[in-house]
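Given these sequences and hints, build the entire structure.
There are 2 protein chains.
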Amino acid sequence: MIPADIPPSARLVNSRLYVLVDGRNDERQFRDLVSGLVEAKVDLLQLRDKRLADRELLQRARILRQMTRGTPTLFIMNDRPDLAVLADADGVHVGQEELTVQEVRQILGPHRLVGVSTHTVLQVRQAIADGADYIGCGPTFPSITKSFAYFSGLKFLRQAASETTLPAYAIGGIQLDNLNQVIESGFRRVAVGAAIVDSADPARSVAMFRAALAADD
Amino acid sequence: MIPADIPPSARLVNSRLYVLVDGRNDERQFRDLVSGLVEAKVDLLQLRDKRLADRELLQRARILRQMTRGTPTLFIMNDRPDLAVLADADGVHVGQEELTVQEVRQILGPHRLVGVSTHTVLQVRQAIADGADYIGCGPTFPSITKSFAYFSGLKFLRQAASETTLPAYAIGGIQLDNLNQVIESGFRRVAVGAAIVDSADPARSVAMFRAALAADD
Numbered sequence: 001m002i003p004a005d006i007p008p009s010a011r012l013v014n015s016r017l018y019v020l021v022d023g024r025n026d027e028r029q030f031r032d033l034v035s036g037l038v039e040a041k042v043d044l045l046q047l048r049d050k051r052l053a054d055r056e057l058l059q060r061a062r063i064l065r066q067m068t069r070g071t072p073t074l075f076i077m078n079d080r081p082d083l084a085v086l087a088d089a090d091g092v093h094v095g096q097e098e099l100t101v102q103e104v105r106q107i108l109g110p111h112r113l114v115g116v117s118t119h120t121v122l123q124v125r126q127a128i129a130d131g132a133d134y135i136g137c138g139p140t141f142p143s144i145t146k147s148f149a150y151f152s153g154l155k156f157l158r159q160a161a162s163e164t165t166l167p168a169y170a171i172g173g174i175q176l177d178n179l180n181q182v183i184e185s186g187f188r189r190v191a192v193g194a195a196i197v198d199s200a201d202p203a204r205s206v207a208m209f210r211a212a213l214a215a216d217d
Numbered sequence: 218m219i220p221a222d223i224p225p226s227a228r229l230v231n232s233r234l235y236v237l238v239d240g241r242n243d244e245r246q247f248r249d250l251v252s253g254l255v256e257a258k259v260d261l262l263q264l265r266d267k268r269l270a271d272r273e274l275l276q277r278a279r280i281l282r283q284m285t286r287g288t289p290t291l292f293i294m295n296d297r298p299d300l301a302v303l304a305d306a307d308g309v310h311v312g313q314e315e316l317t318v319q320e321v322r323q324i325l326g327p328h329r330l331v332g333v334s335t336h337t338v339l340q341v342r343q344a345i346a347d348g349a350d351y352i353g354c355g356p357t358f359p360s361i362t363k364s365f366a367y368f369s370g371l372k373f374l375r376q377a378a379s380e381t382t383l384p385a386y387a388i389g390g391i392q393l394d395n396l397n398q399v400i401e402s403g404f405r406r407v408a409v410g411a412a413i414v415d416s417a418d419p420a421r422s423v424a425m426f427r428a429a430l431a432a433d434d
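Taken in order, these protein sequences are the chains called L and D.
Heads up: the first sequence at position 161 corresponds to 161 in the working numbering, and the numbers run straight through without jumps.
Heads up: the second sequence at position 134 corresponds to 351 in the working numbering, and the numbers run straight through without jumps.
I should point out that these hints are in silico values taken from the structure, not numbers from a laboratory.
Derived coverage of chain D by chain L (criterion: at least 3 residues anywhere in the stretch with Cβ under 8 Å from a Cβ of chain L; other residues may be distant):
(1) 262–273
(2) 284–298
Here's a subset of chain L near chain D, in silico, CB distances under 8 Å, partners left out:
(3) A53
(4) D54
(5) R55
(6) R80
(7) P81
(8) V85
(9) L86
(10) E97
(11) E103
(12) Q106
(13) I107
One-sided and incomplete, this derived list gives chain D residues near chain L with beta-carbon spacing under 7 Å:
(14) L303
(15) E314
(16) E315
(17) I324
Backbone N, C-alpha and C fix where the C-beta goes; we use that ideal spot for every residue, glycine too.
Written out as structure tokens, the structure is:
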């Protein structure tokens, strides 16, 4: 169990692995996936699903909250501070086209986390100035989950690593076989979707990512 | 100007015409549309746009708020209590797949309106029990804006009219040339999208709907 007096932001300090999950096709599949990831001690789990209607999305969020409460895994809701409040999530993650950090906090209150996706050094500086709790940096590699008109690449990771004063997670197309390039760019924190949740054994994939991220510590 | 001490719910009593607007393709088109509708004294305007990213949707919502403030037109946000709070909307409208009335109020507070779409008599009773401020009833006719696997039709309107204790707006495919069937079903309140906002002259369409709804009063 996690002592109740450790705020979510303090729990980011030692975090390494952030996993993005969708709502899956049914509740049973979703519970199985989350259960494996929580047992594998993922540091953060983000619920991101653009297909589900709000009522079902909130139901999935409440399951995620129930399954992570009292564990080392933080629960972050994508985009939606309203759903984060209703599901008692630990925070909200927003992109550059979504609500601003200040707007999210207006709904969320001061005690939950707000994370921001960044794709340029200017956006990294802005997120720091806006008071984000953490940033995502990417896309690192072309992704199979989300298509971008561009990808920021490893050069951006090196710039971001030297700029950021916040916990920063590299994201976008990261897999075990390219993770070394990410680490060499100065990142020891990564956010991963498909490479873990759509793998044959998500919990085993988590263990392999964690081992690779912890090497040479 | 509307006296500040008249609560939004009291302003529903004499309402007749509820118009649904999307965000249009650009801000200028949106301002032109809203301007015409507010000058034509539409009773309620709902912003509903599933295409826009949150940042742009909120920007449209703030424009709608600015253009309706102090006018007889109430501003309702579709689905999203977070955006309604941030834009200072008069209320939120939810469907059966969206958040519940109670969940919306948890984000919205007690003083703004919550409306619910209903498609069956059981849903009408549930909305009343849940404390909704108003209901939408439909779809009345096959709609060109939103496709349903079914449509509730005029029989449902007659049932809903005899059941409801709340202000109720017939919705779904309503046009000037079928409005009489709606009125004969017991409804003097309607919600209209395309038939007004995509007409050649939205303000003139509003005037014609208002005249038809006021006839025989």
